[in-house]
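Asker: Make the full structure from the sequences, and use the hints.
Read top to bottom, the protein sequences are chains W and D. If you use the numbering used here, the first sequence closes out at 677, no skipped numbers anywhere. If you use the numbering used here, the second sequence closes out at 677, no skipped numbers anywhere.
FYI, nobody ran anything at the bench for these hints, they're computed from the structure. Just so you know, not all the hints are guaranteed correct.
To be verified - Computed list of lysine-lysine pairs in DSBU-like fashion (alpha-carbon distance at most 30 Å, straight line):
no. : chain 1 : residue 1 : chain 2 : residue 2
1   : W       : Lys-509   : D       : Lys-509
2   : D       : Lys-509   : W       : Lys-611
3   : W       : Lys-509   : D       : Lys-447
Number of protein chains: 2
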Amino acid sequence: MRNLRFTISYDGTAYSGFQIQPKSDTIQYRLEQAVYLLTGETVKVISSGRTDAGVHAKAQVINFTTTSKIPVERWCLALNARLPKDIVAHTAEEVLPTFHSRKAAKRKTYCYTIRSARFPDVFHRNYEYHHPTHLNVEAMREALPCLLGEHDFTSFCTVRTDKEIKVRTLYEVRMETESDAYLATGKVDRIRLIITGNGFLYNMVRIIVGTLLQIGEGKRPPSDMLRVLEAQDRSLAGPTAEAMGLTLWKVDY
Amino acid sequence: MRNLRFTISYDGTAYSGFQIQPKSDTIQYRLEQAVYLLTGETVKVISSGRTDAGVHAKAQVINFTTTSKIPVERWCLALNARLPKDIVAHTAEEVLPTFHSRKAAKRKTYCYTIRSARFPDVFHRNYEYHHPTHLNVEAMREALPCLLGEHDFTSFCTVRTDKEIKVRTLYEVRMETESDAYLATGKVDRIRLIITGNGFLYNMVRIIVGTLLQIGEGKRPPSDMLRVLEAQDRSLAGPTAEAMGLTLWKVDY
Numbered sequence: 425m426r427n428l429r430f431t432i433s434y435d436g437t438a439y440s441g442f443q444i445q446p447k448s449d450t451i452q453y454r455l456e457q458a459v460y461l462l463t464g465e466t467v468k469v470i471s472s473g474r475t476d477a478g479v480h481a482k483a484q485v486i487n488f489t490t491t492s493k494i495p496v497e498r499w500c501l502a503l504n505a506r507l508p509k510d511i512v513a514h515t516a517e518e519v520l521p522t523f524h525s526r527k528a529a530k531r532k533t534y535c536y537t538i539r540s541a542r543f544p545d546v547f548h549r550n551y552e553y554h555h556p557t558h559l560n561v562e563a564m565r566e567a568l569p570c571l572l573g574e575h576d577f578t579s580f581c582t583v584r585t586d587k588e589i590k591v592r593t594l595y596e597v598r599m600e601t602e603s604d605a606y607l608a609t610g611k612v613d614r615i616r617l618i619i620t621g622n623g624f625l626y627n628m629v630r631i632i633v634g635t636l637l638q639i640g641e642g643k644r645p646p647s648d649m650l651r652v653l654e655a656q657d658r659s660l661a662g663p664t665a666e667a668m669g670l671t672l673w674k675v676d677y
Numbered sequence: 425m426r427n428l429r430f431t432i433s434y435d436g437t438a439y440s441g442f443q444i445q446p447k448s449d450t451i452q453y454r455l456e457q458a459v460y461l462l463t464g465e466t467v468k469v470i471s472s473g474r475t476d477a478g479v480h481a482k483a484q485v486i487n488f489t490t491t492s493k494i495p496v497e498r499w500c501l502a503l504n505a506r507l508p509k510d511i512v513a514h515t516a517e518e519v520l521p522t523f524h525s526r527k528a529a530k531r532k533t534y535c536y537t538i539r540s541a542r543f544p545d546v547f548h549r550n551y552e553y554h555h556p557t558h559l560n561v562e563a564m565r566e567a568l569p570c571l572l573g574e575h576d577f578t579s580f581c582t583v584r585t586d587k588e589i590k591v592r593t594l595y596e597v598r599m600e601t602e603s604d605a606y607l608a609t610g611k612v613d614r615i616r617l618i619i620t621g622n623g624f625l626y627n628m629v630r631i632i633v634g635t636l637l638q639i640g641e642g643k644r645p646p647s648d649m650l651r652v653l654e655a656q657d658r659s660l661a662g663p664t665a666e667a668m669g670l671t672l673w674k675v676d677y
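Answerer: Below, the structure is given as C-alpha cells:
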C-alpha cells in the first residue's frame, strides 16, 4: 500500500461541503469517484479538515492509500481528467504510511474576503461576501490583536459541535485592503482577513468575521472583540458570516 | 428624452457575445430586458463596441435614451436587481443627447490573461486561457514593441470583416507576469497582455495573442511579429486565441 498526499484547490460553490454525505454532492465524493474511475479502487480520502458547504480551498491537503502502481508524477493529470473543472489537484507526492493529513496538520490559514463596494465584482462574485455599505476598516483592524495567542474560543464556535476543548492558538490575524484601479472611486473595495492558527473550531472564522463586520458597521466598538472572547459565550458574538467569502488558504505540516 | 451612460462589468462565459441576435442569450438582450422590466420602455442599448461570445468586460461603457424620470443615482441598483448576477452596472450618469458610446470612444484597453502553469486555477478558470506547457516570457516580450504606433493590422484581422480600413494605432502593449504565492513553484504562472489602442479590428487582440503564444512556445522567433505585421496577410499570423482569456478592461472618452 502506498500513501499519497495531494494539494488540491476547489471552488466550493456547487458542493455541500468537503465531507461525503448521502444524497449530496461533496468534494470528498468527487475525489473518491475520480480515484475509482482511475484505479478501480474504493479509497477513503482524508483531508486536513472538512470545509463547509460553499467554502472554497486554494491549497487543501488530502491523502489516501492505494495499491495502484501509477507513478506519482502522473497522478495529478490523471485525477484532473476525471474531476469536474471546479476541483483541481496541483501537487502529488508519496509519503510515509503514517502520514495523516488531518492529524499531522500543524497550522492552517484561512482567508475571508469581503467585497466592500456598492456593487459586486462579477469575476469574484462566488468567492467573496458582498457588503454594500461603508465599513470602518480602522475600527476592524483595532479589534484583531486581542485574538492572537492561545485562548478559549467558545464565543466563536457554533454550539452544535462535538469538540469539547475549545482552546486554540492563533499565530497571525491580518487585514489586507485593495482598491480596484478601474472601477472604484479610490476607496477600499476589498477587505481580506487572513488568519492562521493551530486549528479552528466549527464556524470559528465565520463568527469572528460576523463580529468584525458589526464593528466595521459601527454597531459595536472595537473593544467588543475582547469582551466577547473573554465571556466564552456564543450568544454575545455576531452572526456567522456567509460561507462564500471563506477560503482555506493553506495548511502547514 | 434623457441619454444615460453606464459602466458595466460582465462575465461573458454564459453569453453569445454582446450584440443582440435571435435565439441566443446576449448581454445586450439582458440589458434591454432589464430596462424594459424597470421602465416598460423598449430601448436600444449602444456599447463602446461588441464583445464576442465568451469575452468578458470589466468596464464596458453603454448608453441609451429613455423617457424615464428615475433619478440617475438610482439606476444601477434598479438595473442590477433586474439583471442576472453575471452582469453588473457600476456607474450611471446623464450625458448630452449627442453622446454615443461607440462613436465617442477614444481609446480602448483589453487584457488577455494566460494561466501558464501545469494546472488551471479554479477561481479564474473561466477568465483565463490555460496553457500547460512552458512559455518563453522574454521572447514574447521582445515581440511586442513593433506593434506600437500606427499600422495596417490586416494580418491580425479575421478575414470575414466588413471594415475596409485596417489601420489602427496602438498606444501601449505591455506584458505583466504573476507568481502564485501558495501553489506555484516560484515560476511565472500567469501572464497578462495589456493592450491599448484607438480601435481594434475583428479578433485583433486574439490573433496577436495566438501569434505571441507560438513565439512563447518557440515555434517562431520574436522577429516574426514584425514580419507578419508588415506582410498584411492573415494567413501568416497564428491562430485566434480562445475567447475566455479576453476582457475589455476599460474605455476612454
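Asker: The structure should be examined with respect to each hint, and the outcome stated for every one.
Answerer: These are the hints, each one checked on the structure:
For the proposed pair Lys-509 of chain W and Lys-509 of chain D, the alpha carbon gap of about 21 Å is at most 30 Å, so the pair holds. Straight-line distance between C-alpha atoms of Lys-509 of chain D and Lys-611 of chain W comes to about 23 Å, which keeps the hinted pair within the 30 Å bound. For the hint pairing Lys-509 of chain W with Lys-447 of chain D, the CA-to-CA distance comes to about 28 Å; that is within 30 Å, so the pair holds.
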